[in-house]
Each structure stands twice: as C-alpha cells, then as structure tokens.
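A.B. asks: Chains as they are written, first to last, in our numbering: chain A, -15 to 309; chain B, 10 to 299.
Hints are computed from structural coordinates only; laboratory data are not their basis. Any given hint might turn out to be false.
[Stated by the list, open to error] Using 30 Å as the maximum straight-line C-alpha spacing, the simulated DSS-like pairs for lysine-lysine come out as follows:
#, chain 1, residue 1, chain 2, residue 2
1, B, Lys70, B, Lys200
2, A, Lys19, B, Lys109
3, A, Lys109, B, Lys286
4, B, Lys200, A, Lys301
5, A, Lys7, B, Lys109
Next come the chains, spelled out residue by residue.
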Amino acid sequence: MNSPLSEVTETSVQANRSEFALKLQAVKTIVWRDKYLYLMLIPFILWYLIFAYKPMYGLQIAFKDYSLFKGITESPWVGFENFERFFRSEYFIRNLVNTFMINFWGLIFAFPAPIILALLLNEVKNMMFKKTVQTITYLPHFISVVIIAGIVTNFLAPTNGIVNIIIEKFGGEKINFLAMPEFFRTIYIGSMQIWKDVGYSAIIYLAAIAGINPALYEAAKMDGANRWKQMWHITLPGMLPTIMILLILNLGSFLEVGYESIILLYQPATYETADVINTYVYRAGLQGGNYEIGAAAGLFNSVVSLILVVLANRLSKKMTNVGLW
Amino acid sequence: MKRSFSEKLSSIFIATILILLSIVCLYPFVYVFSASFSSGNAVITGEVLLFPKDITLDSYKSILAKEGLWQAYGNTVFYTVAGTAFSILLTICGAYPLSKSRLVGRTFVAFFIAFTLWFGAGLIPTYLNFKELGLLDTRTSIIVGFAVSAFLVILLRTFFQSIPDSLEESAKMDGANDLQILRHIYLPLSKPALVTVGLIYAVGKWNSYFWAMVLLNDESKIPLQVLLKKMIVEMSLNEELTGSMNAANAMSQETFIYATIIVSILPIVLVYPFLQKYFVKGTMIGGIKE
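Can you build the whole structure from these sequences, using the hints too?
C.D. replies: Following this line, the structure appears as structure tokens:
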C-alpha cells in the first residue's frame, strides 16, 4: 500500500484531522471566553426542557391507550384510535364550528375595534382628553378574567342582575342571558375581547401611528386632503404592518380562542354555541380523566394552529411584505 | 386658521364616541364599587345605579370574618411576589446571553424558545407532566411551573441589545467578567425594562386562575382568583336552581361578591398609574423588531 495515491489521501486525512482539531480548539476557546454566559443559560434551558419540552414527549399518549399505572412510556400504542374517536364524536364538528364562529365574529367586531379607537384618538387635539380616555379604556386590561366573568354573571343574572332590573323597569320581560345559546358569542366577544382589551390594543396601534413620518401629512395638506382623506391614505397604510402582525398572532391563537375565559362564562345550556375544542379537552381530560382523548384533541389543536401561523405568515409576506420571521 | 363647520362637527362626533366608550369601560367598576357599599336589598331591587344606597359596611365586615378569603389573599400575594422574583431571575438568565451576538449557538437557543410560542404540548400533557414531577397540589408548581414568558425574554433581550457595546468593551479592558458587567452595567441601565417585565409578570400572576384551579386541591393553598371563581359559580348555580331564590341569601351574596371584587382589584388599581406608564413602554420596546 505504498502507492502515491494512498499517501496523498493519508496526508489529506491528517490535514483534515488537524484542521478539525484546530477548529475544536477555537470553539473551546470561544466557549471558555463566554463561560459565564453559558452558565447563565443552563437554568434557563433546563426550565424549558422540563416545563415546555418534556410535556411534548408526553404528547405520545395521544397515540396510546394511556393507563395511570403504566405511565406514559409503558402504555401500549394504539395508532390513531384516539383521534378517530375524537373526530367521530358529536363534539368534534360542533366545537370546530363554534371555534370558527367565535373567531369569525371576533375578527369582524373585536379586531377592528382598537384600530378604530386608535384612529379616533389620533384625531383628538386636546391632549388632556386623549390621555383621560386612554387611561380609562386601558384599565379593564388589568382585571382578571375571573372578575370580569363575575361582573358579567352578576350584571346579567336572571333575577337580580342590573340589566334585567332595568329591562323590567322599562316594562320588558326578564331574560336569562347566560343560559341562552344565541347570546353567548355576543356576551363573550363583548366582555372578554372588546371591553377587556380594546384600550390595550389601541396603544399598540397608537405607537404605530406615532411612527408615521409627519412630512407625509404636510404634503397631503398641501394637496388639499382633508382629515378623512389623510386618515384613509396615510394613517391607515402606516398602521398596516402592525395590523398584519397582530392579525397573524391572532390566527396563531385561532384554535386556542380564550378557553380560560369561556370556561368561566359557559354552562351546559349554552354548550351548543360556547363549547370549543380546548374547553372539551378540559372537561373530558382534566375533569373526566379521559387523558388520551384530551391529548389527541389537544394535539390536533396545536398542529392546526402551527399550520395556520405558518400559512398566515407566508400570505402576509407575499401580500404586504410583513412577516414574523 | 378657521376650522370648517364639518370639521367641527366631526370633532364633536369623535368626542361623543370616546366619551361613551369611556363610560362603558368605567361603569362596571363604579357600579361594583357602589353596590359593595350598599345594602343587599337596595342592590337587588335596582335602587343602586350609580351611587351607593343605604350605605353600609356589612359586606366588608363579612369579608373580614371569612377566614378562607384572607388565606387566599395571602396565597395570591405570596405567589405574585415569589413567582415574579423567580421569573425575573430566569428571564435575565435567558435574555442576557441571548443579547450577545458573539455567543456561539445563540440562533439555536433563540429558535428553541420561539418554537414554544408556536407549538405547545396542550393541557393534558402539561398536567401529566406536573403529575410525573410530583408537583400536583404544591405551591412550587405555581411558582416554578409557569415562570418564563418567551415574549418577555425577547423583550428584555431587545432592551439589552440597545445598550451600546462600548460600555461592555471598556469594562472588559478593566478586567471585568460577564457576570460583573451584567450586574454593574446592564442591570442598572435596564431598570425601566426590568420594572416593565416585572410588572407584566406580577399582573399575570395576580390575575391567573386556570392552572391554580387545575393543580391545587388543598383549600389552604388556592389563590384569590380560584376562590372568587368558586363563589361566583356557586352564586349563579344558586340562582339557576332556586329561580327567585330566598331573598336573604341573595342579598348578602351579591354584595359580598362585589366587595370581594373590590378588595381583589384594589392593589391593581393602586399601582395602575405605574402599570400604565411601564406597560406602554413595554409595548413600545416589544414593537421594535429584532
């Protein structure tokens, strides 16, 4: 094996090896240089591994016949059986439709509300008045959903609620709002989405408006554009990137809806319009102990959400050049 | 410059809408406040609309007497204070190294965190994880389990990045290591950002109920929000079942809940001026991408 060829390969292997060793040495020096930074990262990454990634390992029970005694790893595989049971159950279609409808009406009413509020606030010249309105409308954002649900429940209570008392005073008949499926979406979107967050979201849009170049308005005024035209042709386009980003983020939580707040407002009588996938996961899984069905439904939720975010991001990038990544 | 009639009209129109909206946002607070100081009878007969009627401190007296409520209040304070401290510490541990572009593996770690924003394991695996870790029904689960928000890590990282590198370089010349630089340069300069992050964590912890409800069984460990949820659900169930229920019970219960609501939002309202100032700042920092 003394052919010149083998000698050549040998030396190149050696060269490669020493190059690798050099690189390793370089990496070692760099890591040693930043040792404190890596040291800081250790608890941080550990936390993510234990509380965010380890549960993802537990997602496998969606494909298993989970038993508490055998645990996650030892329970037998059953393929897509849990998914089939979930897709065939009466809840799947109903809850998917409910999820869609709540999102749809939220998109129509709750999403534009802070945009409109920001545009209106932007037209106010009196700073004192502007600040006061902002302070007041921002406050509900800091109130817990439990308290909001408590206020809603009390206000709409069938016998003693202030709303029904007023209705009765005007000669109307008392209505048990929270037990009627046709009112659920209005109540939920009105209280948990608009009342709670309109002022908060408006601040993000106001920040976007503040970033618009004032020269644009000057030029528009020169051309004789009135307030309405300035708003339509300068302010709104200037807000568009922010609007798109919030829209994508919204789509990312499309299937999540606000299950934590829905749980507080719904009741069996309103399930037909109020029950969504995650509230079902909560009832079937956490309350009913049917963990594998809950995990399957939850996985369906997470995967579809991920796909929606990626699609929305792509679409937005294509149409407006704005994206999250 | 004289404003045209139509401009004046639209200004009035805009002001009217904004005033109406402000009333809608404020009224529930005013009502709950007034009702909590009124007699139960005045509340259920609808005499209380804006101002308290038959002013009484009965509801607040019965709150004082209710032991479970003070325990829950104490728990909430503990979860908020301890939880926020722990959260800030971990967030700094993540945000500071990630703010250094020289760090090898930074992109990977950033992706590792961002991924959890777009894909979560879901309720059941999260619950089972706590079960496997033996953290069910422990205070640790509430403080440690929900410590880090990826959004806030990104926010703090963005702030750290805005601090000029030259400060770090000159400190390095003087022989300071990364921990010293963080402690003596970055943290003091980041006070507003740290306050923002801390307040966002604190408000979240003060208001959170879902996982405390799921993970805690022991009555002595539950926070205020979980107790409130139980009271409200019980009340609406009572109304549901008994219809025009016995009046005496209803009276005390409604005003009692209103008083509890006031007591539980009081700390938030007291720090609201700070909240508003720093949250707006946070929104601005977070708005700057990369």
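A.B. asks: Run every hint past the structure and note whether it holds.
C.D. replies: Hints, verified against the model:
1. B/Lys70 x B/Lys200: violated (41 Å)
2. A/Lys19 x B/Lys109: holds (13 Å)
3. A/Lys109 x B/Lys286: Between lysine 109 of chain A and lysine 286 of chain B the Cα gap is close to 21 Å, so the pair holds against 30 Å.
4. B/Lys200 x A/Lys301: violated (36 Å)
5. A/Lys7 x B/Lys109: Between lysine 7 of chain A and lysine 109 of chain B the Cα gap is close to 21 Å, so the pair holds against 30 Å.
Consistency note: the structure conflicts with the earlier hints numbered 1 and 4.
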